[in-house]
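Mind docking chains B and C on chain A? Use the hints.
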Amino acid sequence: MATVENLPSATEERPIGFGRLKRKEDARFIRGQGNYLDDIRLPGMVHGAILRSPFAHARIISIDTSRALALPGVAAVVTAKDLETLGLAWMPTISYDTQAVLAGDKVRFQGQEVAFVIATDEYIARDALQLIDVEYEPLPAVVNARRALDPDAPLIRDDKTGQTDNLASATWEAGDEDATDRAFAEADTVVTRDIIYPRCHPAPLETCGMIADFDPQSGQLNIYNGNQAPHAHRTVYAQVAGLAEHMIRIQTGDIGGGFGNKVPIYPGYVCAIAGSIVAGVPVKWIEDRSENLMSTGFARDYVMRAEMCSKDGKITGLRVDVIADHGAFDSTAQPTKFPAGFFHIVCGSYDLQAAHVKVKAVYTNKAPGGVAYRCSFRITEAVYLVERMVSALAMEIGVDPIELRMRSFIAPEQFPYETTTGWTYDSGNYAETMRVAMDIAGYDELRREQAEKRARGELMGVGVAFFTEGVGAGPRKHMDILGLAMNDGADLRVHPSGKAVVSISAQTQGQGHETTFAQIVAEELGIPPEDVQVRHGDTDRSPYGLGTYGSRSTPVSGAAVAVVSRKVRDRARLIAATMLETRPEDLAWEKGRWYVKGDPEKGASIDDIAVRAYSGEALPDGMEGGLDAQVIYDPPNLTYPYGAYIAVVDVDPETAEVKVRRFIAVDDCGVRINPMVVDGQIHGGLAEGIGIALMEVISFDEEGNCLNGSFMDYLIPTALECPDFELGETVTPCPHHPLGAKGVGESPNVGSPPAIVNAVIDALHESHGVTHIDMPCTPARVWAAMQGRPEPPQ
Amino acid sequence: MQTPASFEYERATSVDGAIEALQRLGSEARVIAGGHSLIPMMKLRLANPEHLVDINDLRELSYIREEGYEVRIGALTRHVELLESDLLALRFPIFRDAEQVIADPVVRNRGTIGGSLCQADAAEDLSAVCSALKAQVVIRGRDGERVVGLDDFYIGPFTTAVSDGELLTEIRLPLRPGAGSAHEKVERRAGDWAVAAASAALWLENGTIADAGVALSAVGPVTVHLKRAEELLRGKAPGEELFAEAGQIASEDCAPLPDGRGPVDYKRHLAGVLTKRALGRAAARAQHREA
Amino acid sequence: MRMQVTIDINGEQVSRDIEPRQLLVHFIRDTPGLTGTHWGCDTSNCGACVVLMDGRPVKSCTTLAVMCEGHEIRTVESLEVNGRLDPIQQGFHETHALQCGFCTPGMLMTGRALLDENPDPTEQEIRTAISGSICRCTGYKNIVAAVRWAAEHEAATRQEV
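Protein chains in written order, with our numbering: chain A, 1 to 794; chain B, 1 to 291; chain C, 1 to 161.
If we strip away everything but chain A, and leave its shape as in the complex, we get (with noise of 0.2 Å):
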């Protein structure tokens, strides 16, 4: 085997700043040094494990856990009988609904925690599973969304008190209805479609898990947990479990992957704190992969009705109608005042005359969620829906989907936008950067070999989506979760030697934080990033914020780190006018030096600056010494990010597989502190598309049995599925954004999904009259629709 000294790198790029710069956190992945969840071991630490309904409706008669105890190594067996007596029976979840932890009167989907054994190692604690005894009396199951709110479907959540029905939430609305009455009645083409954003799951690699640590003497508790959002989970856990927040310590490690699915508080979270605290050991559960795909946070389920409309060549108006599958508990992750996110994004990137948006939920018997798989709280279903509705328009009015979208777009000149749903877009050239896509594509020449191959009885699809996003939440006038602020902190210190320390709220789950924020503080102060250590994911050692999910973490955090870092550059501006004995406003900045303007020799770096800062000599007057400052940072608007995608596929005409030949990507993401990050966070949002547009689903037989709850049957798209995308990019800085820059994490997922489900139904309509098919395009679903029977998902 080779093994190579200093190897020449491909490209030595070190800015000082923003551009390629090769991840900080590698070193220690390469070399399988991370710290994820299941590598910490504690003195003392027992294992939970949790046993689960085989049922998706059902009383529960008795718990009879007595053999499990008597197993050799089993500590305990906790059932919702010993939760209630600590008050921990049921939680809140993150939309003000409340969810059982082990449930106690019946279960409500098939998977949901019904026991919690601990024992001296994970074998037994699974051996314990099978000695607990569940006597159940099955119920009827609703399983499908529409039946939900039917007189005769079975009452679900009759815990709560005065629900009769299975309505999750009353109709909520947006846009006006009126205005849209009318666009459609002056409308010359109108089409409507039912359309299904199925549920499927974030599955990141690493599953759920936590090690609770409560030491009784001290009252403290430690927490290590792979979570997106350690300071707001730190106060839930306050809140429910009557402890102090400031003796609870959440330090997350490293984390593998998250992608929404980290999100929410799960019942095994509780149900291991509740373990420690009576057991007073650490206790460590981690779900195994079918828990983490039946009973933690789905995505999507979103059933719709559309009706789009245009005049004269042009899209004018939009109506929607959704149901929106929330499970058994509604644990959707939304701020406060978006019960459906932010659906009503739907406009799109369409100059509108009216739109309007109605959505109600329900409850189901399917597990709870409702989590934004790389997502910004559901605009994944809204850009799909009308992207899907846009090219079901140019079919019907026989003309190019590019062609269709370009007369229609938002003009540069009309930025910042007023949509009729209430979003103020802040900037944007949409058509240049759909005409970029067009022309990496060959997009002519596409359409060209797509109509030499249907002569020769060949299906080839070409398929287009224009997305645009809004992500950064955000100003905490308007959003919050659980009543606290959208709003994220930062902490920078530079120490004397000119080094510095920067601590934030947002939490990396492989986004490279530790790079990316390193480069911000670098591009500010210039000083390099490698002297820049990105402090994360502890509690005890960040600011306050509310996390990494929403593509928040730049249009957020980002913007923190650089205020932060221009309050340190202005106090130091103040130092430097001491030490140079002239006027704060006679100094100019350049990267990483304050000089006296008129003579450029005459500065001081801010390495010197630091070394006076925290020196005896003077400082100016009234000034502290040290060279810190800390913020948290409010964003006045979200970043509305946008991008241009063409999907090329091949449909096999007799066995109707789809494969995605070539993916034509173009983001314009505003600024992009490191390209080769932005570009990798592409690529994966994108290869997770290809998942949920052709395989991803989790779906249910009649008696709510999931179909869908390992690997073998959750299908994730291996590196033969993924083409070698083709990325182009636009660069339109944000103009409220202290760097220009949007976030980019989701919108791979957001823009992918439609974009290949067009293409495919491209490669039918013409042979085969396909109007529209619902995700996923698998081989069997395909067939279905060639035969002009195309069906729903289960």
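I should point out that these hints are in silico values taken from the structure, not numbers from a laboratory. Since we're looking at a predicted model, the values are computed, not measured. Beta carbons are placed, not taken as given, at the ideal position from N, Cα and C, and that holds for glycine. Misleading hints may appear alongside valid ones.
Simulated crosslink set (EDC-like; lysine to aspartate or glutamate; CA at most 20 Å straight-line) [unchecked claim]:
1. A:360 <-> A:194
2. A:24 <-> C:123
3. A:358 <-> A:173
4. A:81 <-> A:64
5. A:314 <-> A:418
6. A:602 <-> A:570
7. A:24 <-> C:77
8. A:659 <-> C:77
9. A:597 <-> A:585
10. A:659 <-> C:19
11. A:358 <-> A:178
12. A:311 <-> A:188
Below, a sample of chain C positions facing chain A; criterion: calculated Cβ distance under 10 Å [said to hold, decoys possible]:
13. 99
14. 124
15. 143
A few chain A residues that don't get close to chain B, going by computed Cβ distances all over 10 Å [to be verified]:
16. 98
17. 154
18. 654
19. 718
20. 784
Chains B and C in isolation, oriented as in the chain A frame:
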């Protein structure tokens, strides 16, 4: 993660030793080779054997060789060895077709042909391959060997003619002139089990089909051996229409169940398409028009 | 039933009294404490647990530790030798072939085994070789580039020597 229940373990050092252990331990013992079917079942606690007899040290069961008018494959031969075998590529390229789409390359480093056949999962590819090639298998017990054809080997879903105390030791593939073979599979994603798969073998003599073997995976309770299609093909000249007709029989004679991979009508449709395609490629290979 | 098992892990003889049901991934992580080998599923679909057994990649979540006595196991921790990274490790760093890092050890070992057998793999050969491993972050594009990077730099090194 999921963990197996407790069991006793012993490692066989000879074929006779393995058979002795299986005799001694009876119905609660299972043979473990690659383990890639058995261990996941044990982790799910759907399989709870009391004893495992590990045969991985029995290198004498790992071979691919030509002997007389047969190719003989030891039961412990791993998928990767079947994939990379020049002898099989020359004699029965159907193996390479199938092995490229069985599970994934890492799993193929461990899984064995004997394990695949003994699992008797109707969705598994090699059972159809061996059925199409008219394979016979050697089952050894305390009282010696018996040789059975595949039709007699499969008794039902997940059930074979290998009794307690017996071991599958070898697969024998008859060599006849004019052979061509191919395997066609539709899967939802690389590495997935088949939605449907078809194995076809043709033996041509003077431009006509002297004999044919056709079998299907994943479209019945067990591997579907298409005897009616084979009868149709025998004595005829290979051709697209004939193969389409054989495909029609495949659609009719399979017995798929609906599941997450597709409904019954789609699976019947695929059985037909894949049979037709496999026969076409098998013929091309027999006629040296395709590698 | 418990058994004394000795396995060669990264050139060290590692012994422990274990139950036969212990999975290789747990043996590796618990006994020598080499936690670079991860697990991500229970069904041998994800490849986070890939290690080399006698030079070939295998899924250690679907292998019993007792089955490995007498075999050589190599994990991600063996790649770096005397402070020198293996080219496959450096390739992953150079080309941004990892994000959350969870699949990385399995991918590295799979890539290492591929290059040992095929020093100049095509893109399609690389994609096939890693098709038993799931990466949720990278979309595989940069992993393919990383393996190519390692192939090219190993070839350059061989020429120099």
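For each hint, the structure was consulted:
{"no.": "1", "hint": "A:360 <-> A:194", "in the structure": "holds, 16 Å"}
{"no.": "2", "hint": "A:24 <-> C:123", "in the structure": "violated, 27 Å"}
{"no.": "3", "hint": "A:358 <-> A:173", "in the structure": "holds, 5 Å"}
{"no.": "4", "hint": "A:81 <-> A:64", "in the structure": "holds, 12 Å"}
{"no.": "5", "hint": "A:314 <-> A:418", "in the structure": "holds, 18 Å"}
{"no.": "6", "hint": "A:602 <-> A:570", "in the structure": "holds, 18 Å"}
{"no.": "7", "hint": "A:24 <-> C:77", "in the structure": "holds, 19 Å"}
{"no.": "8", "hint": "A:659 <-> C:77", "in the structure": "violated, 37 Å"}
{"no.": "9", "hint": "A:597 <-> A:585", "in the structure": "holds, 9 Å"}
{"no.": "10", "hint": "A:659 <-> C:19", "in the structure": "violated, 46 Å"}
{"no.": "11", "hint": "A:358 <-> A:178", "in the structure": "holds, 13 Å"}
{"no.": "12", "hint": "A:311 <-> A:188", "in the structure": "holds, 5 Å"}
{"no.": "13", "hint": "99", "in the structure": "holds, 3 Å"}
{"no.": "14", "hint": "124", "in the structure": "holds, 9 Å"}
{"no.": "15", "hint": "143", "in the structure": "holds, 7 Å"}
{"no.": "16", "hint": "98", "in the structure": "holds, 30 Å"}
{"no.": "17", "hint": "154", "in the structure": "holds, 26 Å"}
{"no.": "18", "hint": "654", "in the structure": "violated, 5 Å"}
{"no.": "19", "hint": "718", "in the structure": "violated, 5 Å"}
{"no.": "20", "hint": "784", "in the structure": "violated, 7 Å"}
In this structure, the earlier hints numbered 2, 8, 10, 18, 19 and 20 are contradicted, and the remaining ones agree with it.
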